[in-house]
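Visitor: Chain by chain, the residues:
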Amino acid sequence: MNMNYVRPRDLAEAFAFLAENGRDTTIIAGGTDVMVDLRSGELDTRFLLDISRLDELKGIRLEGENLVVGATTTLSDIYHSELLTQYAPALQKSAYNFASTQIRNVATIGGNVAHCSPCGDTVPPLVIHETKVVFSGKKGERRIPIEEVATGPYRCFLEKDEIITAFILKPVEADFADFQKIGRRKDLAISRLSMAVMVDRDSDGIISSMKFSLGACTPTPHRMTAVEEFMTGKKVTCELLFEGGKLLAEKMIEITGRRPSIIYKEPAVQGLFVRMLYPVV
Amino acid sequence: MNQNTVQIEFTINGKKVTTNIPSHVTALHVIREIMGLKGSKEGCGIGECGACTIQVDDKAVNSCLMLGAQLHNRDVMTIEGLSKEKKLHPLQEKFIENHAVQCGFCTPGLLMSTHAFLKENENPDRQEITRAIAGNLCRCTGYQQIITSIEAALQDESCRGGE
Amino acid sequence: MNKKYRSVGRSIRKKGGVEKVKGDPVFAGDIELDNPLVLKVKRSAYAHALIRNINTEEALKIDGVKGVFTSKDIPGVNLLGIINRDQPLLAEERVRSLADGIALVAAETEEAAQLGIDAIHVEYEKLPAVFNPVEALKDGAPKIHAKGNVLFTRAVLKGNADDGFEKAYSIIEKEYTTSAIEHNYMEPDAGAGFVDEDGCLVIYASTQNPHYDHKELVSLFALEDENVRIIQAATGGGFGSKLDLNVQGFIGLALLHLKVPVRYVYSREEAYLATAKRHPFTIKIKTATDRDGRLIATRVRAVCNTGAYGSYGIAVASRSAVHGTGPYSVENVDIEVKCVYTNQTYCGAMRGFGAPQMALAHESQMDLHAEVLGIDPLAIRLLNGLEVGSLSGTGQLLTSSVGFKDCLHAIAPYYEEAKKSWVSTCSTPFKRRGVGLGAMWYGIGNTGVQNPSTARVTMEPDGTVTVFTGCAELGQGSTTVLCQIVAEILGISPDEISMVVGDTRYTTNAGATSASRQTYISGNAVKDAAESLANVLLTEAVNRLQVPKNTLVLENGEVTTTGNPDCGIGIAVLAGRIHDKGGVLSWQGYFDPETVPLDPKTGAGVPYATYAFACQMAMVEVDTLTGEVTVEKVVAAHDVGRAIHPENVVGQICGGVAMGVGFALMEKFEQGKTESMKDYHIPTASDVPEVVAIIVESEEPTGPFGAKGVGEPALIPTAPAVINGISSALNYRIYDLPASLERVLEASIQAGHFGVQEE
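Protein chains in written order, with this note's numbering: chain A, -4 to 276; chain B, 168 to 330; chain C, 21 to 779.
Warning: the hint list may mix true and false statements.
[Claimed, not checked] Away from chain C, derived, C-beta distances all over 10 Å, residues of chain B:
no.: 1; residue: 172
no.: 2; residue: 216
no.: 3; residue: 269
no.: 4; residue: 311
no.: 5; residue: 318
no.: 6; residue: 321
[Unchecked claim] Chain B side only, calculated, beta carbon under 7 Å to chain A, not exhaustive:
no.: 7; residue: 174
no.: 8; residue: 181
no.: 9; residue: 186
no.: 10; residue: 227
no.: 11; residue: 229
no.: 12; residue: 233
no.: 13; residue: 234
no.: 14; residue: 255
no.: 15; residue: 257
no.: 16; residue: 285
no.: 17; residue: 288
no.: 18; residue: 291
no.: 19; residue: 302
no.: 20; residue: 319
no.: 21; residue: 325
Worth flagging that the hints you see were computed from the coordinates, not collected in a lab. These figures come from a predicted structure and were not determined experimentally. All C-beta atoms, glycine included, are put in the ideal place defined by N, C-alpha and C.
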């Protein structure tokens, strides 16, 4: 193993290092994905750049109209954040259900997004908050919509000289927000499917706005606008939820085609959609 | 074989240590093979079982998923740091009294998770206790006597002791 | 229980518990050795192939590689297997599965060992492979062993099943399947060793049977008994898989040739690839009852897939056939279980030896019959349950310790309450609740074969006691229980007894820690030895106290006369006197349960001297929209004869239930797909139910203080109870394990629960 470990003192140093060595470098933060790939031999890299200590990348704060979550904020910090309870409860809930305590204590939101696993639990909540992901490097920064970060499963849009530094969310105090997932067991499970939703209703109980994203079913994350449009302007009934869920399943299959796992996922996304939104009825 | 190394300074079970380690090894490797503390176990190597759980700055983490180099400047506690000299930590006593231990392979990791959890939680309910140890797999006990031990520990203030 | 005991029946602190909570026990991967070499095995690239050539030259040139060995380097018999020898340590001319080892590399580092493995060039001639046992039985199927693809067939015949079916009021015929299961003990297999000054290979192993390991190594390397010493290291669970020689043979081979310390610790991935699994079963079962629900005939045709090698396959087939009736009295029995070779990773022993698979079938059938007849599932089990005086399928008359109906009665109040109030108080319209029962019987010890245990109890002239037992402690608590038994007989505290466990230099054979046999069989062996020792102490005390021997008792470290605590003499004094006189203070104990071998054609015989019984009730909530299942609570009543250590019994029950929940809902080992613990899910703390453990004590006259066993029985009823619970929740039955998300959601849809529900 001829791997070098590099711990920059600050972000500028990290950018400078990447500008020079980006091609031979893998960024490590919490390490919970990188270490697995190192062990399996899937990852072979000359440099590991440890950004887990950079204070510039930590923290959750309101900045004007925006809710900013630093890239190396851990899932535990997300779970415990009062700001998120108020402005992004679905994201908070995705942290509650994330892996195990030990992993939540180190895994970072930036790592979860950059890994580009179709099953990343923080992604659907970020999608419904119309999150912009900040890619930064020596040359400057650019803001990429969360849906565009993954160009395919485990393929990230990030350039080799860039780091994800922050997530800029639209803070929302919705009438109802939730994240749910289904795994093969009740904890420590990779999502077989997941979804995040925010709903606002008017005084008659009619849905005035809805944001919805599906996770773990499609190669890259998607906001399901067809479902949102279908539900908006309607009063929520059990029948409507089943219809909305059915539409969701159809839209999913339009993206994925009929793979063997669809036999389960087709009814299950419908079912989970109904279960998640049933409290709104 | 030419290996890149990195120097790390950290505190382990209250003792300051400076050592050179290969850059690519895990924190678990540092603890077991370099520090010679064999209480932390490798059950899966990929963060699925929790047998390697240690505390880093008071938080439970899987040492198999942490790079050894990342221990630099950290305060680390392993199972060997839980009991003082010959005296067991009260939490360990609870595990014995309540028959929470069978084969003992998962036990050090479970105690590390539990000990960290008790520091942060005043009055957890059974579900919170269960979730706190959900990252520590045990194939022998079915967890019930472990949960009973933790509930017993909650009744005993001395179990929260920080050491 | 009328008799008062001082040690037996008390949940004392576990022997070694303090060390375990400190992380001190030395597992084989932890043993300090002087720069041990690392071992690694080159495994087959194909599931079935002939080996044309193995070239190790390149590997030997790699820096750090100290030795490369193949089957040619094995001087003795290159065949392993406790029941039938069919598995080479390293392949010779043929590989039969991806787990098969071809060459062993010893190197200074992990990296060098891996480079060595990669540099070994094997020329194969690929052969057609077969993975499905039904395919393997067909004419023209690839032949895996010279004797053919059928390893073993066990028939159990009683009465005339056809007559029974003719007279029947109700007949139900179904097919059930179960998956291969990975034991997933938390400690991956490990061993380490060195050659001592006398040239003896000393091997520390994570093992369930050190004396068997010893025998195999002696045979593999054509050594004398005294040239191999196996010491059981701390062992992190086994559940059956550590009955096989997993790393011990490789360590021995390296030691034999290199004579320097070596260590082999399987990664989890290698443990998954290379160690035994639970046999997957396909069970066709046809059962019949009369109008009242009395079982009158059972016909079973089952096939179990043993993969490339036998391991414990014969025992699995045999035991599953014997247990095919379930814990019920059935007049006409026609059971046949075939164990078939395929090119899968081999299957071996796993907690229950085929009984858990069979229990899925017989317990589902009981509920189906109850439904057809309109009677309650508990009632039909009570109606048919075994009792004293019943004849088993093998024609064995059950004469005592049949606590099955006591278990059913113990469950009854919980069952009635759950059905009455819990089922109907479901929180949302998309969840449905059900209560399911699962029952079982389980023969203690090996099936219809001798399986003795021996032990030694020694007292020093100063009165200190040491027990020497070959009984491997896996965490289940056998060392503590054996210690309690000796303490009870000698009237001393368990704390005063030293235990020497599983070291073939000092201990004698106790047989395997398997088949739930150690409390009963090794318990009797240590009891026998302790009683011999007690006898000489009492005899000596007669001389001293001048009272008849039958008035003397051993208690509190003294011999006293009953009713006169003042008149006593310390055992240390007695021991000193016996020693001075040249008397014997070290006694060997022996016990072998009385069995009669099963007739090869009819299965008639007495396979076990005693049986454990149990019934569990599972309270199950099903999410009809997603197929998620929550097992809320399990009430488990187990007839253990007597609980020597009640909390250990509870620990076994809770652990068994957890493993049973995994078997029922989530576990499935798929060769080629299941590579690491990311791919295989065992229950977490969040997945297991609350367990109410009820200990039923129907004393076994031949057991030590009435004890039988509980290790495997703990697991067996759980999966059927969960499956019956799901069926009751959905009114739709699942016949295949695991009842995964996919299968449960499909069942929910088929049963019409998926969709808008009327509240």
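Visitor: None of the hints should be skipped; say for each whether it holds.
Guide: Status of each hint after checking the structure:
1. Once the 10 Å rule is applied to beta carbons, residue 172/B is consistent with being away from chain C; the minimum gap is 15 Å.
2. Distance check on residue 216/B: its Cβ comes as close as 6 Å (rounded) to a Cβ of chain C, failing to clear the 10 Å threshold; non-interface status is violated.
3. Annotated as non-interface, residue 269/B brings its C-beta within 10 Å of a C-beta of chain C; the closest such distance is 4 Å.
4. Consistency note on residue 311/B: stated as away from chain C, yet its beta-carbon is not over 10 Å from all of that chain's, at 4 Å minimum.
5. A cut-off of 10 Å between C-beta atoms confirms that residue 318/B is not in contact with chain C; the least separation is 12 Å.
6. Here residue 321/B stays apart from chain C, with its beta-carbon at least about 16 Å from theirs, past the 10 Å limit.
7. Violation of the interface hint for residue 174/B is found here, the shortest Cβ-Cβ separation to chain A being roughly 10 Å, above the 7 Å cut-off.
8. Checking residue 181/B against chain A by beta carbon gives a least distance of about 21 Å; that is not within 7 Å, so the hint is violated.
9. At about 14 Å, the closest approach between the beta carbon of residue 186/B and any beta carbon in chain A exceeds 7 Å, and the interface hint on this residue is violated.
10. Hint on residue 227/B holds. Least Cβ distance to chain A is approximately 5 Å, under the 7 Å limit.
11. Hint status for residue 229/B relative to chain A: holds, with the closest Cβ pair at about 5 Å, below 7 Å.
12. Look at residue 233/B: its Cβ gets to within about 6 Å of chain A, closer than 7 Å, so that hint holds up.
13. About 6 Å separates the beta-carbon of residue 234/B from the nearest beta-carbon of chain A, less than 7 Å, and the hint is met.
14. For the restraint placing residue 255/B at the interface with chain A, the shortest Cβ-Cβ distance is roughly 24 Å, beyond the 7 Å limit, so the hint is violated.
15. Annotation: residue 257/B was flagged as interfacial toward chain A, and the flag is violated, the nearest CB pair being 21 Å apart, outside 7 Å.
16. Interface restraint check: residue 285/B against chain A, minimum CB-CB distance 13 Å, threshold 7 Å, status violated.
17. With 7 Å as the threshold, the beta carbon of residue 288/B stays out of range of chain A, its nearest partner Cβ sitting at about 11 Å, so the hint is violated.
18. Checking residue 291/B against chain A: minimum C-beta separation of about 12 Å lies over 7 Å; hint violated.
19. Below 7 Å, beta-carbon pairs count as interface contacts, and residue 302/B has one with chain A at about 2 Å; its hint therefore holds.
20. Annotation: interface hint on residue 319/B violated; nearest CB of chain A at approximately 20 Å, more than 7 Å.
21. For residue 325/B, the interface hint is violated, the least distance from its beta-carbon to any beta-carbon of chain A being 23 Å, above 7 Å.
In this structure, the earlier hints numbered 2, 3, 4, 7, 8, 9, 14, 15, 16, 17, 18, 20 and 21 are contradicted, and the remaining ones agree with it.
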